[in-house]
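*Asks:* The UniProt record's numbering puts the last residue of the sequence shown at 516; the count rises by one with no breaks.
Simulated from the structure, these hints should not be mistaken for laboratory data.
Where hints are given, some of them may not hold.
[Said to hold, decoys possible] Quick list of simulated restraints, FRET-style, between CB atoms:
| hint | residue 1 | residue 2 | range |
| --- | --- | --- | --- |
| 1 | 433 | 83 | 27 to 33 Å |
| 2 | 63 | 366 | 50 to 56 Å |
| 3 | 382 | 101 | 35 to 41 Å |
| 4 | 83 | 381 | 42 to 48 Å |
| 5 | 373 | 140 | 38 to 44 Å |
| 6 | 348 | 232 | 30 to 36 Å |
| 7 | 170 | 140 | 42 to 48 Å |
| 8 | 231 | 140 | 41 to 47 Å |
Each residue gets a CB set at the ideal place from its N, CA and C atoms; glycine is no exception.
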Amino acid sequence: MNLPSECDVLVVGSGNAGFCAAISAAQAGAQKVIIIDKCPEEWAGGNSYFTAGAFRTTHDGLDDLLPLVNNVDQTTAQKIEMASYTEADFTGDMNRVTGNRTDRDLCRILVTDSNPTVKWLAANGVRFQLSFNRQAYEVNGKIKFWGGLALKTQDGGKGLIQDHIQAARAHGINIFYSTAAQRLIRDPTSRAVTGVEVIHQGQETTIRARATILAAGGFEANPRMRSQFLGPGWDAALVRGTPYNFGDGLEIAIRDVSAKPAGNWSGCHCVAWDANAPADTGDREVSNEFTKSGYPLGIMLNRQGHRFVDEGSDLRNYTYAMIGRQILQQPGHVAFQVWDSRTISWLRTEEYRPEVVQQITASSIPELSEKCAEHGLEDPKQLERSIHEYNEAVYESQRQDPKRTWDPAVKDGLSTQSPARRLTIPKSNWALPVDQGPFLAVKVSSGITFTFGGLAVNPETVGVISSLTNEEIPGLYCVGEMLGGLFYDNYPGGSGLTSGAVFGRRAGRAAAAAAA
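Using the sequences and the accompanying hints, generate a full structural model.
*Replies:* Below, the structure written as structure tokens:
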């Protein structure tokens, strides 16, 4: 297929946001929509491919979501406990985890559009399921969903991108890989963006477009930009997803059309990640299974043997995107996650099975500490002392408040803190002793997912704002990781893919209208 020299709508980036924008533009009447991506075809999907496929959306409870999913039979449905997740709940979570820094208008649209957008995705062939393996625990015969998050796509990010590609083809959208945008073209009179200069399979050429949508991702794969904007040490973070997100789209837009930067340029989504994972790229086979999100069920210690974070400060959905930052700040940028026999069985199989992680097992804490020393632990005796101190605090708290029971589906208040004994670094929920063998430890590091800094946009149209005029740049839109202002320091799990879909859908409609 030859690269066309012109089109109605040009989308730069083949992740979730880019596909949503392209499909929306085609449905809104754009006659010729194309997607370009600098990656080769075998890397299609951007960071979206590497996700678990979680979508955060408002809903009225189980009955609102059941028509969208394909993995719930009648017997299972009767066992499910799922509270509604209202617009007030979603807005409250956004404000809480971002320290009330989220852009009010962007947040409002994200929240109010989330439910109709998920249903739009389902109508376009995205296969949704209830996330039993990631977002529910079976407690006393009931399947309890927690953390305001229930939906995921079948086969995670892999399945999501597969479904998007099929939908794009059904709408006559052509995708051109190995095609890198290198400059935006403007009309000298109207100042509108009228096309993009690209390098296609090694050759420079120009694509004229009546509207251009940037969906080219952040700068998480670029060690220079990570150090420049996130700070010292961030060049050592492991790249969780695509190695092609080098921040090109952001730098091109700022350089060529004075696009206005916005949002938290020193912030990012960074998770606990297998320390033995590749450094500069995700693995498309293992994909999201390198995530190590079981820390609320146990404890984490740095390589000097000290606990350094409250593992139970909140439900995992509201802490996992920033826990990697805490690990990165530790000596050597690594830590050890530890559990005993009480909670090992509660860990996600896809993340902790021996096929995807190097398990460190032992029948006693001294044996575990010695084995961890073979993997970089510097002070085995301090690890033993830290675990002993933690256990003593847990037992004292249980003696002071014996009625509390452990429940991983709620913030159960089972902590290390009591009037008689308090740890400098508490564990605020799900605090069980770590003293019953066998024991399990895994070594983790920091896996960066995406960066929060981006471009300022008109929330209604997602049109990019000029830093010179503070007005929309005609013909240019921005979605996905390139959109700035939604997330600061942290984000509620599952809201990234929802943002890409919500604003991608809006950008597609606006771009189609501009093209017409």
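*Asks:* Looking back at the numbered hints, which does the structure fail to meet, lowest number first?
*Replies:* Every hint satisfied by this model.
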